[in-house]
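J.: Dock chain to chain to rebuild the complex, using the hints, since each chain is given by itself in its own frame.
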Amino acid sequence: MSLAQEKTERHTLSVLVDNEPGVLARVIGLFSGRGYNIDSLTVSEVSQEGHLSRITIVTTGTPMVIEQIRNQLDRLVPVHRVRDLTVEAISLERELAMVKVRGTGEARSEALRLGEAFRARVIDATTESFVFEITGKSDKIDQFALLMQPLGLVEVSRTGTVAISRGPEAM
Amino acid sequence: MSKEMTGAEMVIQALKDQGVDHLFGYPGGAVLPIYDALFQQNHIEHILVRHEQAALHSAEGYARSSGKVGVVLVTSGPGATNAVTGLADALMDSIPLVCISGQVATHLIGNDAFQECDTVGITRPCTKHNYLVRDINDLARILHEAFYVAQNGRPGPVVVDIPKDVQFAKGTYVGRENIEHKTYKPKLVGDNDKIQQAVEMISAAKRPIFYTGGGVINSGPAASRALRELARLTGVPVTSTLMGLGAFPAANSQWLGMLGMHGTYEANMTMHDCDVMVCIGARFDDRITGRLDAFSPGSKKIHIDIDPSSINKNVKVDLPIIGDCTKVLEALITTWKSQDRHIDRDALDAWWAQIGRWRARNSLAYRQVADVIKPQQAIERLYAATKDRDVYISTEVGQHQMWAAQFFRFEEPNRWMTSGGLGTMGYGLPAAIGAQIAHPDALCIDIAGEASIQMNIQEMATAIQFNLPVKVFILNNRYMGMVRQWQELLHGGRYSHSYSEALPDFVKLSEAYGGVGIRCEKPGDLDAAIQEMINVKRPVIFDCIVDQQENCFPMIPSGRAHNEMILGDMAIDLDAAISDEGKMLV
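From first to last, the protein sequence lines stand for chains A and B. Residues in the first sequence are numbered from 1 upward in steps of one, following our numbering. Residues in the second sequence are numbered from 1 upward in steps of one, following our numbering.
Treat the hints with caution; some may be incorrect.
Claimed, not checked - Computed beta-carbon distance windows for the label pairs:
(1) B:R538 x A:L52: 55 to 65 angstroms
(2) A:L52 x B:R345: 52 to 62 angstroms
(3) B:D286 x A:L52: 30 to 40 angstroms
(4) B:R134 x A:I38: 26 to 36 angstroms
(5) A:L52 x B:V189: 24 to 34 angstroms
(6) A:S129 x B:R134: 39 to 49 angstroms
(7) A:V46 x B:N178: 20 to 30 angstroms
(8) B:N178 x A:D74: 18 to 28 angstroms
Everything labelled a hint here was simulated from the structure, so no lab data went into it. Positions of the beta carbon are idealized from the N, C-alpha and C atoms, including for glycine.
Just chain B, with the same shape it has in the complex (with noise of 0.2 angstroms):
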C-alpha cells in the first residue's frame, strides 16, 4: 500500500499499522500535527502522562506485562531529556518501546532554537538505536524499521525523532510488509551440535542447577512453558535473577527462590556448589555474582542468549548457545526426549538432600511482633489476600522491591514489572498504570517505598482521568530504606541525609488527586485493610506503616561470594564482614 500523506499522518498510519492500540505521551510545540492527526482519528487511544519519564515507564509496564511494545509520543528539547531515563531504564532491562519525538524544523536543527536539544546524540548510549528523520520519503520505512529493531533479538527502545517540517510535508506512504531490514538479522536459532553438546552435559551432571533472566520473559510465554517442561523433564532445581520472576512458578517443589545479592541462602548456595550450570537469558550481572573470582568455581557453565556480547561478558563460560531462549529450549527438550536422557538418579537425590539442608536454614525468616506491621509481614499479607487474584505487581526501588521479590510468589511470567538494571526509583506507579492499561480488568499492584513513590507521584492524576484503579502499596519506613540499610552496614550507622522528612500525608494527598487513601499501623488491622483497598475500583494509596529499622536479608555483602551471605538471624559486626574493596562496590 503506498499513499500520499502528511508526516503526522504517516506517523499515525504506521502505528495502526503496527497493531499499537495505546500511545503514552505529553504534547508540546514540536508535536503538535501529529497530536492534530490524533485528534482527527480514534483507532489509537492517547494516555495522557503528567511527566515524559512516566510515559516511558508506563509505556515499559504495558509492554512487560503484554508483550507489545510500548509507543511513546514527546515533544523535543525538555520532553526528550525527562524521556531519558526512561529510555536508559527500558534499555538495562531489554524492554521494547518505540519512542517518537519531536524535533526542531530541520533548517533550525543546530541553532540553538527554542526547545531544541541533539535527541539522537543525548539518547544514542540509552537507546538500542535511534534515527533523525530529515526526509519525508524515509519516515514510513524508520517508523516500522524502529518497531522491528525494539522487538527483534535482544529487545530495547528506540527513538525516532522527528523535525516538525517533516511532521508537515507530503509524501508517500510505505506499509510495514515492504520493509525489510538490511543489517540487524539477529540469530534465533541455536546451533545443532552445540545443543547436542549441552545434553550431553547436563545429563552428565551431579550438581546441576537452571539460573534463569529476563530473556525467558522477553522471549514469550512459549519460554517459560518450555523451562518448565525442561525442568521437569531434568529433575534440575530452578532459580532466578530478579527480572525472570515469573518464568518458574514459585509453587513449583523444584524452585528455590531468587538469587543474587537478596536471593535466598538455598538459591545462592546451589550456584556457588552446582558442577553444571545453565544460565538461560541472564547476563551475570554483579548483583547476581558477587564476587567474580569466587562466583561458583567449580562449575562447567552453558549461556543461552540472543545477544552474542552477554557471552564472556562478566564470567567465561564453558559453552556459549546464541539463539532465543524459546527456541534453544525447545531443541533442548527434544534432544533430551529423543535420546531418552537422564541425570544419575542418585547423584541428583544426594544433591536434592543437600538442597533441603540449605532450605532448611530457612533464610527469608523474619520476627513478628505484636504492635509494629514488619514490611515482610505486609508483603505476605498482601500476596495472601490477592494471590487468587489476576494480579499484576509493580515495584519501585529499594528495599521493598527486595522483599517484594522475596514474598510474593509468581507462577506465571509478565506480572512482574520491576526496574532491575537501573534502579529507578519513580518506576512503579507508571508501570502500574501501563499494566492497567493492557489489562483493564485486572488488579495492578504498585508496591512502593515512601521515598520512591514522591519521584512519579504526579501519575496519580493520569489514573483518576483513565480510571485507572491502580493500587500503591507503600512501605512505609520514613526512610530510604537501602540507603539506610548500606549506611548502617557499611557507614557505621551515619544516616546521612536517608531519612523522610517532612513526608506527605498520603491519605490526603490520594483524596487530592480524587483517589482513596487508606493507611494502616497496626498487624491486625492490616488484612482488613489490604481487603478495603482492593474492594475499591478506584486508585488507592496505601500507607502502611512499618518498621523503621527492618533490614533486608539475606544478604551477599559486596565484595563477598555467594558462600559467605549474612543472614538475618546472625548477630554479627557487619563493618567487619564487609572489605574496604567491598565498600568500594555499590
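Chain A extracted, bound-state conformation (with noise of 0.2 angstroms):
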C-alpha cells in the first residue's frame, strides 16, 4: 500500500467563522503551511448580527488528504463548523464570472449568439466589446471561456465557487 498511489479527489468544503481579523489568513497559512492544495476560494460575510462569515474552498487530495484538512480545520479557534459538501450532502455548486470579449462582425454576433445560448447576461457594451456576466457550475464557465477564445476574449473575472446543501437543513 503506497500512500502515493492513492487517487485524488476534488472536493468542496463550506466553514463558518468567527468573522474577525486575521481568521482567512489562518486558514490560507493552514494550507500553504501544510501543503494542501486550493482550487478556490470564497469568502464574505452571512450573517452580520452573528459576525459569521463563510468559506467555501475547493480542494484537491487523496481522501487521507481531505479528512486532513476538514480537521484541521476544524480545529481552528475561531471556526464554527466544517462540512465536506462532497460527500456529506448534495449539494449546489456555483459561480459568477464577467468575461470581456472584443471584437466586430460575424465574430461578434457569434459571441452574442453564444452568449445566449449560455444564457449569460450583456452588461456591459461598446459599439467594438461586450462584458458577460454568466452564472452555473465551474465547468460550464469554464467551456464559455473556452469558447470565447477565438472569439476576442480579453479577460475573465470569477468568484470562485459557492456552495449550499439541498432542502431544508442548514450545514
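T.: Take a look at the structure:
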C-alpha cells in the first residue's frame, strides 16, 4: 500500500467562521503551511449580527489528505463548523464570472449568440466589445471562456465556487 | 465582578483570577505599563530571564512539571520574535502557555514604528491561537479565553498581543466566571460504541501492545493511574514515545522501554509484530514509525486522541476514539471490568515469551572501559545517585537527550521535560529553571551536551538571581554528537563543522556566574563527583568529559522499518545500511 498511489479527489468544503481579523489568514496559512491545494476560495460575511463569515474552499487531495484538511480546519479556534459538501450532502455549486470579449463583425455576433445559448447576460457593451455576466457550475464557465477564446476573449474575472446543500437543513 | 481599571491592571487581575503565581518575562518599552502594575502588587512573582526564548522554555518546564499553564510576558518587536522558537516548541509538544506581548500603540501599527513587528502574523502558525487586542473592553475576555484555549482540548501556546495605548486605557474588567467560549469546545468523552469495540478488539488480541505518548501526561496524573490500571487488568506490554516517559513506571515488568528511532529492540519489535496496537495520546510521528509502509504491517490499530486531526494523519487506523485520555481509559477499564474480559492466557504467555527473547538481546548494552567515562555510564550513575530523591530531569537536544531517555528511569509522570517535536537545543536549562520554580525543594537537573548548553547558557544568571539550585549535567564529548553520528553513518565520516571548537572552561564559567563548577574525567571519580553536585544547594555546572566517539544505539536508520534496527554490537557497514532514499529523511 503506497500512500502516493491513492487517487486524488476534488472536494468542496464549507467553513463557518467568526468574522474577526486574521481568520482568513489562518485558513490560508493552514493550506500553505501544510502543503494542501486550494483550487478556489470564496469568503464573505453571511450574518452581520452573528459576526459570521462563510468560506467555501474547493480543494484536491487523497481521501486521507481531505480528511486531514477537514480536521485541521475544524480545530482552528474561530471555526464554528466545517462541512465536506462533496460527501456529507447533495449540494449545489455555482460560480459567477464576468467575461470581456472584443471584436466586430461575424465574431461579435457569434459571441452574442453563444452568450444567449449559455444564458449569459450582457452587462456592458461598446461598439467593439461586450462584458458578459455568466452564472453556473465551474465547468460551464470554463466551457464558455473556451468558446470565447477565438472570438476575441480579453479577460475573465471569476468569483470562485460557492456551495450550499440541497433540502431544508443548514450546514 | 466588574470593575473599572487600566489595561495593565486588567492583565494582573486576570492572571490573579486564573490562579497564576509565577510569570516569566523580560521588560521593554511596549510593556512598561504592565511592568509598572506588576511592581505595585505582590501576588505574582516575576522571574526575570536573560533572553525571551528562555522565558518560553522556562514556562514550558514549569507547565510540564506542574500541570499548570505557563505564563510569559515579553515586549514588542524583538521580544516577540525571540519568543517564536519557544512558541513553536510548545505547539509541537502540546504545552499550555499564555504569552502576553506588548505591541506599539494602535495608531502606530503598520507604520514600521520602533520595535514594531506583526506579532500575530509571525506567531499565527506557531501558536494554537493568538489575539491582537485593539479595544480595552475586549481585553479581560480575551485574557480569560486565552487561558481556556491554552489548556482545553489538545494544549498549546496562545499569544495575546496588547498595544501600549490599550494597556493605559481604562475599561471594565470582567471575571473569568463570565466567560464561555462560543466555538472552541473539544470533545472529551469517547463514544460508547467505540469503547465497546476497543474492549472487544483488545480482549480478542493475541499479541497486543499499548503505545503511549505525551497525551497521557497532558491529560493529568489520573490518566497515568488509569493507564497503569488498564495495563494491570489486561496484562498488555507498554511502550512509550519520548514525550510520554513516566506515564508508565519503568520498574514495572510490563514496561518495554521507549520505542522509535533510538528505542529499545523489544519495544520496536513488539510494535512491528503485534496484532492489536492501542495508541494512547501519541501521534505516529516519523521518529516513531520509521518506514511508513512497513510500520506494524499486521496489526489492527486503535487510536485514542483528543485532537481529531491526529487521526489518520500518518497512519490509517482501524478504530479512532476521540476524547481525553483519562476519560477514555477510565471508560475502557469500567467496560473491561463489568464484562469480565480476559485476553487468552496462552496467547499472552507466548507473546511475553517472544518479548523475553527480544529483551535478551539487551539492546542498550554498551562497553565500559577503565579510563574513559561512557556517556551511558554517566547517566546510569546519575540515575543511581538520584533515584530515591524528588527529581525532575530536563534535557537539551541530541545524543545526550536520547541516552537520558534510555538510561534514566522514570516512575512518575511530569518528571521529564524535553523538546520532543521541535528538537530545540537550548531548551534544557530554562526548562529546569521553570521546574525548579514550580518545585522549590526538588532536585532539578538539566542533562545537557556541551554544544546545546551554550544556546541558553545566559540563564545561569537567572538561576543565581532567584537562588535556584539547578544542576547542569553536561555530557561533554567535544562534538555536536548527534550531528557527528549522522555524519559518520551517512556522510562518510566527513565531520563538517560538528566539532565543538573553542569551548569555554565550564567550571570557570559557572564560577563566573556565581555558581559552582565540577569537572569529572575518570570513571572512578564519577560517583563522588555526582554526590558533590547533589549536595551543593546552589546552581552547578557539572562538566562530565565522556568518550568522544560513542554513538547512540540502537538505531532505526531513516527510511527503515522497526525490524531493521541497528544495534551497537553489530559490526556492519552503516553507510550501506541506509538507502539513498533514507538519506533524504532527517
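J.: For each hint, tell me whether it holds in the structure or not.
T.: Results for each hint:
At about 57 angstroms, the CB distance of R538 of chain B to L52 of chain A agrees with the hint of 55 to 65 angstroms. For L52 of chain A and R345 of chain B, the hinted distance range of 52 to 62 angstroms is satisfied, since their beta carbons lie about 57 angstroms from each other. Here the CB-CB span from D286 of chain B to L52 of chain A is close to 38 angstroms, well matched to the stated 30 to 40 angstroms. Between R134 of chain B and I38 of chain A the C-beta distance comes to about 29 angstroms, which sits within the given range of 26 to 36 angstroms.
Between L52 of chain A and V189 of chain B, the C-beta spacing of about 28 angstroms keeps the proposed range 24 to 34 angstroms intact. Roughly 45 angstroms separates the CB atoms of S129 of chain A and R134 of chain B, a value that falls within the hinted 39 to 49 angstroms. V46 of chain A and N178 of chain B have their C-beta atoms about 28 angstroms apart, which keeps the hinted 20 to 30 angstroms range intact. Judged by the Cβ atoms, the range 18 to 28 angstroms given for N178 of chain B and D74 of chain A holds: they are separated by roughly 27 angstroms.
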